[in-house]
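Chemist: Put together the whole structure using the sequences plus the hints.
Protein chains: 2
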Amino acid sequence: MRTPALLAMLASLVAPAAGIAADSLMQAAQAQFKPIPAQPPALPGNPASPARVELGKMLFFDPRLSASHTISCNSCHNVGLAGVDVAEKSIGHKWQKGGRNSPTVFNAVFNTAQFWDGRAKDLEEQAGGPMVNPIEMASPKEHVTEQLRGIPGYVAAFKAAFPGEASPVTLANAQKAIAVFEATLITPNAPFDRYLKGDAAALNANQTAGLKLFMDKGCAACHNGINVGGGRYAPFGIVEKPGAELLPADDKGRFAVTKTAGDEYVFKVPTLRNIELTAPYFHTGRSWDLRQAVGVMASSQLGLPVTDDEARKIVAFLEALTGDQPKIVYPVLPPSVATTPRPQP
Amino acid sequence: MRTPALLAMLASLVAPAAGIAADSLMQAAQAQFKPIPAQPPALPGNPASPARVELGKMLFFDPRLSASHTISCNSCHNVGLAGVDVAEKSIGHKWQKGGRNSPTVFNAVFNTAQFWDGRAKDLEEQAGGPMVNPIEMASPKEHVTEQLRGIPGYVAAFKAAFPGEASPVTLANAQKAIAVFEATLITPNAPFDRYLKGDAAALNANQTAGLKLFMDKGCAACHNGINVGGGRYAPFGIVEKPGAELLPADDKGRFAVTKTAGDEYVFKVPTLRNIELTAPYFHTGRSWDLRQAVGVMASSQLGLPVTDDEARKIVAFLEALTGDQPKIVYPVLPPSVATTPRPQP
Numbered sequence: 223m224r225t226p227a228l229l230a231m232l233a234s235l236v237a238p239a240a241g242i243a244a245d246s247l248m249q250a251a252q253a254q255f256k257p258i259p260a261q262p263p264a265l266p267g268n269p270a271s272p273a274r275v276e277l278g279k280m281l282f283f284d285p286r287l288s289a290s291h292t293i294s295c296n297s298c299h300n301v302g303l304a305g306v307d308v309a310e311k312s313i314g315h316k317w318q319k320g321g322r323n324s325p326t327v328f329n330a331v332f333n334t335a336q337f338w339d340g341r342a343k344d345l346e347e348q349a350g351g352p353m354v355n356p357i358e359m360a361s362p363k364e365h366v367t368e369q370l371r372g373i374p375g376y377v378a379a380f381k382a383a384f385p386g387e388a389s390p391v392t393l394a395n396a397q398k399a400i401a402v403f404e405a406t407l408i409t410p411n412a413p414f415d416r417y418l419k420g421d422a423a424a425l426n427a428n429q430t431a432g433l434k435l436f437m438d439k440g441c442a443a444c445h446n447g448i449n450v451g452g453g454r455y456a457p458f459g460i461v462e463k464p465g466a467e468l469l470p471a472d473d474k475g476r477f478a479v480t481k482t483a484g485d486e487y488v489f490k491v492p493t494l495r496n497i498e499l500t501a502p503y504f505h506t507g508r509s510w511d512l513r514q515a516v517g518v519m520a521s522s523q524l525g526l527p528v529t530d531d532e533a534r535k536i537v538a539f540l541e542a543l544t545g546d547q548p549k550i551v552y553p554v555l556p557p558s559v560a561t562t563p564r565p566q567p
Numbered sequence: 223m224r225t226p227a228l229l230a231m232l233a234s235l236v237a238p239a240a241g242i243a244a245d246s247l248m249q250a251a252q253a254q255f256k257p258i259p260a261q262p263p264a265l266p267g268n269p270a271s272p273a274r275v276e277l278g279k280m281l282f283f284d285p286r287l288s289a290s291h292t293i294s295c296n297s298c299h300n301v302g303l304a305g306v307d308v309a310e311k312s313i314g315h316k317w318q319k320g321g322r323n324s325p326t327v328f329n330a331v332f333n334t335a336q337f338w339d340g341r342a343k344d345l346e347e348q349a350g351g352p353m354v355n356p357i358e359m360a361s362p363k364e365h366v367t368e369q370l371r372g373i374p375g376y377v378a379a380f381k382a383a384f385p386g387e388a389s390p391v392t393l394a395n396a397q398k399a400i401a402v403f404e405a406t407l408i409t410p411n412a413p414f415d416r417y418l419k420g421d422a423a424a425l426n427a428n429q430t431a432g433l434k435l436f437m438d439k440g441c442a443a444c445h446n447g448i449n450v451g452g453g454r455y456a457p458f459g460i461v462e463k464p465g466a467e468l469l470p471a472d473d474k475g476r477f478a479v480t481k482t483a484g485d486e487y488v489f490k491v492p493t494l495r496n497i498e499l500t501a502p503y504f505h506t507g508r509s510w511d512l513r514q515a516v517g518v519m520a521s522s523q524l525g526l527p528v529t530d531d532e533a534r535k536i537v538a539f540l541e542a543l544t545g546d547q548p549k550i551v552y553p554v555l556p557p558s559v560a561t562t563p564r565p566q567p
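As they're listed, the protein sequences go chains A and B.
The working numbering applies: residue 223 is where the first sequence begins, and numbers increase by one.
The working numbering applies: residue 223 is where the second sequence begins, and numbers increase by one.
These are calculated hints, taken from the structure and not from any lab test.
Watch out, some of these pointers could steer you wrong.
All copies of an identical chain are treated as equivalent in the list; a pair is satisfied when it fits inside any one copy or across any two copies.
[As the list claims (entries may be wrong)] The calculated BS3-like cross-link candidates involving lysine-lysine, where the alpha carbons are at most 27 Å apart (straight line), are:
(1) Lys-363 to Lys-319
(2) Lys-363 to Lys-316
(3) Lys-481 to Lys-463
(4) Lys-381 to Lys-363
(5) Lys-481 to Lys-343
(6) Lys-419 to Lys-434
(7) Lys-419 to Lys-256
Modeler: Structural data, given as structure tokens:
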């Protein structure tokens, strides 16, 4: 049962950028997308000193932020696996499964909001979620600060990262530090970035054809901007609801955040950057095949069937979104001492 | 009930290096210990090419070697936490707990054998254990090879690491590659290493006094050599059996390997290198306090009570065993593709 409002939105979403000629394709792309910068963006109110970035990296990798001391941010947002965990749902505290597929942390700083339902406005807010979520890292809120205060090396690191604060070891500051580290996890220099900067040869013929299809068919109506997605929300199944496997009835997406009927089954449009590295796909993580995922999107969001050849070309374009993976030196974590709180059973 | 043979062994173990004068302490130490070299040692029959070390590093960090795709070697031998997981027992597949405390992988290449009971003769043999152990990574043997063969980047990486082999993607080669990477995880340049190389000022007064106590009281009878341990086996509780919390009756240690009555409650003497970073202690992981652990050793192994002051000095010496932690760039892992085997439920 579609409402007129939804239909109007649908029309605005899928209106293809009709008639892009090959010679103006680059200009059209430059109008819709932006390259990833070489340097991490600044976060408002959270300046990225080297000490703060290093602290954030330590926290990102530290399993002692979880109740069991076995799960870190990196467990589900593995920096060696393009910021994901290559699983449908992540395994959390006591082997519980998360509710949705773990989105990549790479380039997440460029998203309009965080989580599939956008319930956190930025990385800083997001970072507070999994630590205290009982099915993820499951730390009681006080545990995180007690833990950090119980590790002398962290007390020193927080002082260096938040100079002038009387009592810098707080969950809020941990979130800030994690956010500035995560903001460094960007993947510049993808072939598509070089193309956007004027190098037409950065995309091969298939990738160029794929880009044209991506824009002509309307994919770029949602997947645009610097992150080729991540900038807005959209109902999953605008044209045709996918099956319950991909869109289970009990997860109404953004509706849980806004309690607005129009937000039922609405999700944040995910970034497509590094998409070839971040299977499985969709909020359910039920699609392991990028070509199949393209087909699902075409039918459910655009109502436009794609031929095998078109899907192949679109996938070729999507592969051109793989950028330089960040080079990360594993942090030496400050050691626990005899009085440090221990893992919780 | 102690047998005469055990008593004789005990006598040989605890005979203190009586009468070491302060001025000859360095020579006495140089006779019993060796510094960690700056470069990783070569492994017999397993040459460490850059390609093989890099492959080993990827495998060490890859959770896809576990059935669930969530547990990697680094989960329990965390390179940011001195090669351990700061837990009594590690959490494995489906939240099962391991049987013994995870020993550090750092400097493990210098141990005489691997595991607490020495059941693997070297790192290569050890690396095959946890991957297929049903309470650890829980991969069926075939799964490991199927998984690796299903990831194109690994096929290429194995070819580069094992040139000239017709079918290089095997579990045996994975173990070889992991072993050469692990052999790089050494921690040279500890204060005690500099002392052994002739710099008397590398140890402060307390540490020097601690070293003297360590040798005079007989600790060095077992904890000697390059790893200050790791070179032999010893019964836990030679003089006085510790309580069941530290020495539970159902874990007979090396007896399970050799089926020899004399090996009941015998364990490999652990390395003391980086010991301040690798709490909790003992095969049970039940002691979180290094000073307490020193006291347990003194009473159970030596029958010599130590005063608080002596324990403090011995701990100061043990802290001089902390070396330079290895600098590791997190590997970019080869991506899964649509046909790659998926996590097992």
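Chemist: Now look at each hint and say whether the structure bears it out.
Modeler: A quick look at each hint next to the structure:
Both within a single protomer and between protomers do Lys-363 and Lys-319 lie at most 27 Å apart by alpha-carbon distance, with minima of 21 Å and 25 Å respectively. For a Cα distance limit of 27 Å, the shortest separation of Lys-363 from Lys-316 qualifies both inside one copy, at 18 Å, and across copies, at 25 Å. In this homomeric assembly, Lys-481 and Lys-463 come within 27 Å of each other (Cα to Cα) only inside a single copy, at 21 Å, whereas the closest approach across copies is 64 Å. Taking the shortest alpha-carbon separations for Lys-381 and Lys-363, only the intra-copy value of 20 Å comes in at or below 27 Å, while the best inter-copy value is 48 Å.
For a Cα distance limit of 27 Å, the shortest separation of Lys-481 from Lys-343 inside one copy, 17 Å, qualifies, whereas the shortest one across copies, 61 Å, does not. Taking identical chains as interchangeable, the C-alpha atoms of Lys-419 and Lys-434 lie at most 27 Å apart only when both belong to the same chain, with a minimum of 17 Å there against 67 Å between chains. Taking identical chains as interchangeable, the C-alpha atoms of Lys-419 and Lys-256 lie at most 27 Å apart only when both belong to the same chain, with a minimum of 9 Å there against 57 Å between chains.
The structure is consistent with each of the numbered hints, conforming to all of them.
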